[in-house]
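Numbering (the UniProt record's numbering), first residue to last: 1 to 222.
Careful, some of the hints might be misleading.
As the list claims (entries may be wrong) - Lysine to aspartate or glutamate pairs mimicking EDC-like chemistry, simulated, CA-CA at most 16 angstroms apart:
id	residue 1	residue 2
1	150	177
2	150	168
3	129	187
If you're looking for bench data, these hints aren't it; they were derived computationally from the structure.
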Amino acid sequence: MSTFIKPSTPTKSRPNFKPGTPTKSKSLTSINIASGSSNNVNSSTKVLEEINLLLNLETLKRNRDNEIILKQNVEEALKIFEERRHKYFTLVAKCATLVKLACTRKVLLRNELIEFPTDAARADANSIKEKLSSGSATDYISTPDLEKFKEMLQQVEKYKNLPIRRTELVDLQNATDAIQYSIEAIEISLEKCTIQGLDHFVDTLDMLNYPKLLKEYDQNDY
1 MSTFIKPSTP
11 TKSRPNFKPG
21 TPTKSKSLTS
31 INIASGSSNN
41 VNSSTKVLEE
51 INLLLNLETL
61 KRNRDNEIIL
71 KQNVEEALKI
81 FEERRHKYFT
91 LVAKCATLVK
101 LACTRKVLLR
111 NELIEFPTDA
121 ARADANSIKE
131 KLSSGSATDY
141 ISTPDLEKFK
151 EMLQQVEKYK
161 NLPIRRTELV
171 DLQNATDAIQ
181 YSIEAIEISL
191 EKCTIQGLDH
201 FVDTLDMLNY
211 PKLLKEYDQN
221 DY
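Make a model of the complete structure from these sequences and hints.
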């Protein structure tokens, strides 16, 4: 008996894949996802950096604006303080003048006579007058500055070089300024001494003796 063999149907060959092995399409997809995620991370980082930069700029701008506002407030407060200080001193001066006038009026209305040392007051007035007219103000001038000034004046004719002359001229100007400052200080001191002397004279002079003093001055032509 012959045996019939059934022909086998030809099939396409398949690649042998092991279980769990990724395909080519899957690997490409994963690469695209990874590159996209890295791009997203980079863009997010740039956005965060720009946001931080903008926040820093805004903070710096606000700080500068606050400094300007604070400076303006301080200047305004200083201006108000100076105005109030000026008003205060003006009112104090007016009050002091008013008190003096009121006290003088009160004393003059009493018409009381009290013994007063007119000779001592006259001597004090003469002493103040002599000090003001004696010309002793040069004693207060700095001696080294004065001597330096004299030496420079004596050596003016010996100068031959222009740079040296300029240097000496500057020194001479400085010495002149120092002497001028000394003179101003002397004038201020003399003014203060005069005011103090007059204040002392007024304090010593009792206003209750006004009628008697007026009579004595009329008699002595003082």
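Hint check results:
1. 150 <-> 177: Satisfied, since the Cα-Cα distance of roughly 14 angstroms is no more than 16 angstroms.
2. 150 <-> 168: holds (13 angstroms)
3. 129 <-> 187: holds (15 angstroms)
Hint compliance for this structure: every hint is met.
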